[in-house]
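Sequences and hints are given; from them, build the entire structure.
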Amino acid sequence: MTTAATVAAGGRIPSGKLAIWWFLASEIMTFGGLLAAFVLCRFAGGGWEDQAAHVNARIAAVNTLVLLTSSLSMVQAHRAVEEGSRGRAATFLLITVLLGLTFLGVKGFEYSREIEHGFTPSTAPFWSFYYGLTGLHALHVLAGVLANAALWIAALRGRGWARVAPRVEYAGLYWHFVDVVWIFLFPLVYLS
Amino acid sequence: MSDTARFPSYVAIWSWLVALLVVGLMCAFLPFGKAMAIFLIFTVAVAKAFLVARHYMHLRSESLLIYAIAGLPVLLLIGLTIALVPDIVFRR
Amino acid sequence: MSEPAHGEPGFWRRYVFSTDHKMIGRQYLFLGLVMALVGAASAYVIRWQLAWPESQIPLTRWIPEPAMYDGHLDPSFYNQLVTMHGTIMVFFVAMPILLGALGNFLLPLMIGADDMALPRLNMMSFWTIFTAAVVLTSSFFVHGGPAAAGWTAYPPLSDDPSYTGVDWGQNLWLLALALEFASFLMGGINFLTTAINMRAPGLGFFRLPLMVWMQLTAAVLFMLSVGPLIAGAVMLLLDRTIGTAFFLPQRGGDPLLWQHLFWFFGHPEVYVVLLPGVGAVLEVLPVFTRKPVFGYRTIVYSTIVSGLLSFIVWAHHMFVAGIDPRLATPFSITTILISVPFAIIVFAMIASLWGGSITFPTPMLFALGFLVTFLVGGVTGIFNGSAAVDIFIHGTYFVVAHFHYTLFPTVFFGGFAGIYFWYPKIFGRMMNEALGKLHFWLTFIGFNATFIPMFLLGMGGHMRRIYNPLQYDFLKPLAPVNQFATLAMILLLLGQIPFVLNFFGSLRYGAKAADNPWGANTLEWQTSSPPPHGNFATPPAVHRGPYDYSLPGAAKDFAPQHRALPAAAARGA
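Chains as they are written, first to last, in my numbering: chain Z, 1 to 192; chain R, 1001 to 1092; chain D, 2001 to 2573.
Bear in mind the hints are in silico, worked out from the structure with no lab data behind them. Idealized CB from N, CA, C, for every residue including glycine. It is possible that some hints are incorrect.
[Claimed, not checked] Short derived list, chain Z residues pointing at chain D, Cβ under 7 Å: (1) Ser15; (2) Ala19; (3) Met29; (4) Gly132.
[Stated by the list, open to error] Covered by chain Z, per the in silico footprint, the following chain D stretches (three or more residues, Cβ under 8 Å): (5) 2182 to 2196; (6) 2236 to 2247; (7) 2251 to 2260.
[What the hints assert, rightly or not] Covered by chain D, per the in silico footprint, the following chain Z stretches (three or more residues, Cβ under 8 Å): (8) 20 to 27; (9) 30 to 37; (10) 112 to 126.
Next comes the structure, spelled out in structure tokens:
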């Protein structure tokens, strides 16, 4: 499926898309580096299973569902842009923003419960990685929420929308990446 | 070009993702051996990531360059992880 | 994507918050040169201390306690200076000058574009590194002073404030580095997107000037290697602030993990710095030999191969760190291997001189200086790369000499070659030749005299990062060597004065530069000096490669890239 932006760029990959993919390449290395360190330290042994048993896989599973659904709404926003429907794009962007905020809210709730039970970042190495990984991910979710919110506002206003609309695709690529990170994070942190 | 040909059914992909999520959860809580469970869970994760990348990020219709940009980091990470196994996993 | 016609921008939009890649390139250049002064000043204090330990260091009485006691150096401040010297030189001098200044200024011009693909991102990248430089400099003034754990920041030393006595200084160091990484990530994205999408018609990848290939390879190396270190830096910062257990053994962490994450980036990083310097030399050589670069494609393929290999050599920095001994052999092999593509590139550069009509203006002197000195650096890398030898020379001045014989050539010989060569294009004025030649000779002699002795010191067992060598009986006989190196370094520092005078004086008093004062082929020379807003009056189309000098039967000894092939040549005559 050739996007409108690609057609406009004469069949070449539009600069915005290329730029986002390069950015994602470096982000893959960053999150991948942190995840690799986690996996390696995990397999080094040291009683992580006891600590790991205290995370709540069910809450996290709900959050996974939230994030997967937000990816659906994000790609529907992109499709709406391709089909030229500013209104539907705005709606789907709003849904994505709300789902993203839900994810953050649930994460915050999780953190507060864990801290109440005495599990802070300095409790044990497992918790260092837990807070480090999910915290870094949450910051990326927040950045995505802000970007999508800005696009939602632009879609509502309508003025200058034609110039801004291709960015929905690029923001979508970033958002899907954040989802993919969680797809790996969730089983590695919560299920093993 | 009809809509269904231009756009895959994103909702269908989403249902697959949810199904895989359930499968992954089951793998975690069913009585598989630990190594087996981890292998299955990780395979499920890879499958889900593959679906998102291919269909939501439109990798299926992108050029070789985009594949290279996305794929090279993954290869490097695998290399980094393997190289670190002797030092980090098997530290004295 | 050029901006629509608009009125003249005001001072702030034009000189400060500019989105024009040429202005941004100049901004990076000034940042790099200013930070070089700070880096050089720290080197001066370090070297004086090594030559005459515990003495009163001239010109330092103004530095207050607890860093210095009326000109006497505090040992902790020594560690801080060593740390800041390395950090500043690598991240705030080498990268801004070679990538930020030369890369930004030249890339769009060399590909015939009117600006970068993402001009506002470009502006943001400069202001990000500017902020990073401010943050890093501010760390000198916080309680406890700047970071003190070496530019490599190994935990546990860097992890627990009580070990160095430095608290906020190290945190600010991490923050400054994070901002610097963000800045060059933005820049790298811009370089790659621009080169892929905005080349002039007819400019296929194998007609690109080699400088462009070098900048792009450097961008890819940086983008793919910095991620794990960003992860590591986040982990270190969390360890220091909220008590996580990533690297501290007493909390269950692993210090070796940091070293792996750091050097996985650290090694590709040195090639990120090296390649643009090589690129500058490769642009200068053909112009002053009036013949094509030897082995264009070979150089391109060698560059790509060395880039790939650079990702699998990193543990050669860790041979004595306590890694699994079975890792030593594979990493030794890959390290020796990587010398092959670099040797090929150096041989190609030497072959490029053969049979040429060589002239020796200042840019050419610096380019030749690069060849001579980098050769020493590359060869000594092989000593370090073989694990058995490294066991003896790791952590000694042999390593210091090796990396100064690679970094200094690329940043200062390659970088100066580039600055002298492109100064007319960047500033529209010619630099003074006599001052340039004086600068070269003082730099060349001063540099070699400073660092050759360090090979000897290293083989004699002189350790790195020590405050007072005379504490050790076995180092006392080597004291004259240290003193010689320090005197040579002072000559090297003084030798930069002609450059400073030349650089700033020529801005005002230099002869106005023509479009193409050197008679060069690449596209940046086919427009005015400096180029106008939008770079080219009419967008060029490219008909030939970049190094068609002294073509047989041609009227002139150079053939700009946008000149069509003469009919006779096109017919294969």
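Do the hints match the structure? See the list:
This hint holds: Ser15 of chain Z has a C-beta 4 Å from the nearest C-beta of chain D, less than the 7 Å allowed. Contact between Ala19 of chain Z and chain D, as hinted, is supported at the beta carbon level, the nearest pair being about 5 Å apart and thus within 7 Å. Because the smallest distance between the Cβ of Met29 of chain Z and any Cβ of chain D comes to about 2 Å, under 7 Å, the interface hint for this residue holds. This hint holds: Gly132 of chain Z has a C-beta 6 Å from the nearest C-beta of chain D, less than the 7 Å allowed.
Counting residues of the stretch 2182 to 2196 of chain D whose C-beta sits closer than 8 Å to any C-beta of chain Z gives 8, which meets the bar of three, so the coverage hint holds. Coverage of a stretch by a chain is defined here by at least three residues with a beta carbon nearer than 8 Å to that chain's beta carbons; for the stretch 2236 to 2247 of chain D and chain Z the count is 7, and the condition holds. Under a criterion of three residues with beta carbons nearer than 8 Å to beta carbons of chain Z, the stated coverage of the stretch 2251 to 2260 of chain D is upheld, 5 such residues being counted. Coverage of the stretch 20 to 27 of chain Z by chain D holds. Counting CB-CB distances below 8 Å, 5 residues qualify, and the rule asks for three or more.
Beta-carbon proximity to chain D at under 8 Å applies to 7 residues in the stretch 30 to 37 of chain Z; the threshold of 3 is reached and the given coverage holds. Closer than 8 Å: that is the beta-carbon criterion, and the stretch 112 to 126 of chain Z has 5 residues meeting it against chain D, so the requirement of 3 holds.
The structure is consistent with each of the numbered hints, conforming to all of them.
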